[in-house]
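Modelling step: build the complete structure from the supplied sequences, incorporating the hints.
Protein chains in written order, with the working numbering: chain A, -10 to 443; chain B, -10 to 443.
Take the hints with a grain of salt, since some may be wrong.
Since the list gives no way to pick one copy over another, a pair counts as held whenever it fits inside one copy or between any two copies.
Derived DSSO-like pairs: lysine-lysine, alpha-carbon spacing no greater than 30 Å straight-line [stated by the list, open to error]: (1) 363 with 353; (2) 215 with 16; (3) 325 with 56; (4) 109 with 228; (5) 159 with 16; (6) 299 with 16; (7) 36 with 215; (8) 292 with 50; (9) 16 with 356.
Read the hints as simulated data drawn from the structure, not as lab findings. For clarity, every value in this text was computed on a predicted model and none was experimentally measured.
There are 2 protein chains.
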Amino acid sequence: MKFRIFILLAFLSAYTSSAQDSLIFRKIADEIMVNGMCYNNLRVLCKRVGHRISGSTEAAKAVGWGKAAMHAAGADSVWLVPCNVPYWFRGKESLELMLGGKYVQVDALSLGNSEGTGGKLLEAPVIMVYNFDEFNALPASAVEGKIVFFNYRFRQDFIFTFEGYGDAVKYRGAGPTVAAQKGAVAIIIRSMSTGEDDFPHTGGTHYVDSVKKIPAMAIGNRTADKLEEACKKGNVSAKLTSECHMMPDLVPSFSVVGEIKGTDNPERIITVGGHLDSWDVGEGANDDGTGCVQSIEVIRAFKALGIRPKCTIRAVLFMNEENGQKGGQAYADSAKSNHENHVLAIETDAGGFSPRGIGLVMSKEQKAHILQYKDLFLPYGVYDFTREEGGSDIEPMHSRLGVPLAGLIPDSQRYFDLHHTNNDVFENVNHRELKLGAAVLAQFIWLISEHGVN
Amino acid sequence: MKFRIFILLAFLSAYTSSAQDSLIFRKIADEIMVNGMCYNNLRVLCKRVGHRISGSTEAAKAVGWGKAAMHAAGADSVWLVPCNVPYWFRGKESLELMLGGKYVQVDALSLGNSEGTGGKLLEAPVIMVYNFDEFNALPASAVEGKIVFFNYRFRQDFIFTFEGYGDAVKYRGAGPTVAAQKGAVAIIIRSMSTGEDDFPHTGGTHYVDSVKKIPAMAIGNRTADKLEEACKKGNVSAKLTSECHMMPDLVPSFSVVGEIKGTDNPERIITVGGHLDSWDVGEGANDDGTGCVQSIEVIRAFKALGIRPKCTIRAVLFMNEENGQKGGQAYADSAKSNHENHVLAIETDAGGFSPRGIGLVMSKEQKAHILQYKDLFLPYGVYDFTREEGGSDIEPMHSRLGVPLAGLIPDSQRYFDLHHTNNDVFENVNHRELKLGAAVLAQFIWLISEHGVN
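Here it is, written out as structure tokens:
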């Protein structure tokens, strides 16, 4: 009998808890969908600050914007976490391709972190390969003194486009080093792009110190199609000029933190963050202005609703995700040296599109605990909890401090049309999709604050 | 023992069938994501035909486009189903509002099917109400001779925006009649719009024969905000001129049908369709060019892959969904008079966004049969089979012939920003989202063709 009563009480308690969770979920969504400020905040970040590469004056301006936005959202306290960041400078650049028998100026972007031609003209024959296998089969004599065109296509058959990106991105990351090892003088890559357009996509490349650092540029899909056709027909050459270079010294910078102090367990911290820096193109709207304003929105919504979470909630705008992760590392350093107790960290850095899932990087037991609540998210279009996705900025919290991670997973169809391009602008973010993502983040954080991570 | 073997065989057969289904699903998705023609087809429809209201020369041009596109997709046979459609003509229109003490020309659209001022100037005081309850509480003396401004806001708290539309659309449908019954001379409505912008949204209104047909115009959210402020401050008047009217006679028109003949059960027919007509604004891209090109893509993909479905598959571009559903009615009439055997009809008329679900309008047993296969759709982002959604064009197949219906349910966040506006253009459709929707349609149809609807 006692056992039965226990079961009944346990059932009732679970039922009541779930009904209450569901009600709070609804309140959070209503508040953000109707009164949300994240879209307005994004407009200000995109239009008044614009793109903001680490180390630049724009990045410094973005730090100021972030502080003010955290205060306006009602954070109990706001502070900066210092970090020293690399500063890559683009300068002027130009690419001309021999198409149809004459040189044609095309739209191109030097890859982030790459070295340029020092502003001097570099003219050389182009050799096209479709992939590394094909490149590796070439004798060095076929490559020496040439510009290698890595014409690898982003695979459109991956439904989750981050898988296509993972498949293609090695040509951007390793292309210059692979090519230089055989004596190439520069590389051109087909952008890591799903786009039915001609926007070139920049993004980080990585040199190896022992190998010559050769210039590297990306071209859009339509230009790559033309260059491919030209290479198939016969000999093609290219003229390349660029001033880009990595500055010799690191630059002092900051991540921005806004906090709501927890009621019952103020020492237990839950972090939600995006990254404040962007590449130096477009407006860094979906990468990752949207993550920043969604993180701030979590604070705003809790404050506006008078929700006082049990745990301490921190919104963090990490600096330098794109080429160093110095902000994320400094945040983990600070957590460690202050002996902080972190329950979980969640990142939103996959665009401001309709949410579909939440990635979980944690133990099986912790996942099972969270999955008890997954149906609460269904009315908000979130059903996928299968992916092991956290985020670059919070990764050191996991690998160094063992903190469980999560990552917001929005619909991925449009992200790699826009990613790292001049088309990643405010106008390509939808207000409702952005807000819905913020609502799901706030719901998830409320849930973890109430029920822990086991 | 026999029983055990039976179980084992049943299990193996189910397993094999599911594995084969999964493989075909993959093939269909690969073909459409990589080689799909629907995005190119949509470009041609939007840019060469443009908007295409029933009865117009553009609608006739669209019929020609549809026939050619069906042939190009490889349909075994293509034909037209005739229907007589209403033809509503917009003509010139203008709205000036007294804002800040002077008349200001604003962007406005007469509601579809509405009568205009016969081109004459109509100037009258404006009376604002927030909803019908408030209007009903007014004495007729407060309304007589006035222009009623129905300032009902599209509720942003509905996550599935079609629910918000269902909530708000009565002001567009019934507003003119409700207002005229108390002597109003015209109405202005805040558009049925989720948009953070100023696009006015047209769409059908419905007069009652016994009540005076007064002019009706929609204004965008930003203009509605200004008019609201002005009305709160004091007396406001408006000047309205419009030439719109319903033509006295129906116009001969057509729906377009393309068919692949089934192998095993050619007499069993599965229909997939969208509607070919649009309102006379924008390019009718998401409403419903996307549904047309997705339906054609089903035919193209089966042909390209050499998939020969057991049942006959028909792609139908229905005429006159927006203001009469004459195409859908004629299709059901034709099915009835030809004693056709229809297994199921599915419509795609909710925009070319990432698919999320498939609505099912059928018996519990039929739903249960289909739901056995729902996990096959998960890798393609389709998880919601809970909604009773078919489509306006296929509705007569259900209500008159008892055919089970289904409806593709894409992500709904952006639809009512664009719906019935000059902003519903090709550029606001994403190629991958569009193709993914087409892939899911083709997968679903293949499944029904193989396994029936119980």
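Comparing the hints with the structure gives:
1. 363 with 353: both (15 Å within a copy, 26 Å between copies)
2. 215 with 16: For residue 215 and residue 16, the Cα distance is within 30 Å only across copies (29 Å; inside one copy 53 Å).
3. 325 with 56: within (23 Å within a copy, 68 Å between copies)
4. 109 with 228: Classified as within: same-chain Cα gap 10 Å, cross-chain 64 Å, threshold 30 Å.
5. 159 with 16: between (44 Å within a copy, 26 Å between copies)
6. 299 with 16: within (17 Å within a copy, 49 Å between copies)
7. 36 with 215: between (34 Å within a copy, 24 Å between copies)
8. 292 with 50: Classified as within: same-chain Cα gap 26 Å, cross-chain 56 Å, threshold 30 Å.
9. 16 with 356: Only inside one copy: residue 16 and residue 356 sit 25 Å apart there, 33 Å across copies, limit 30 Å.
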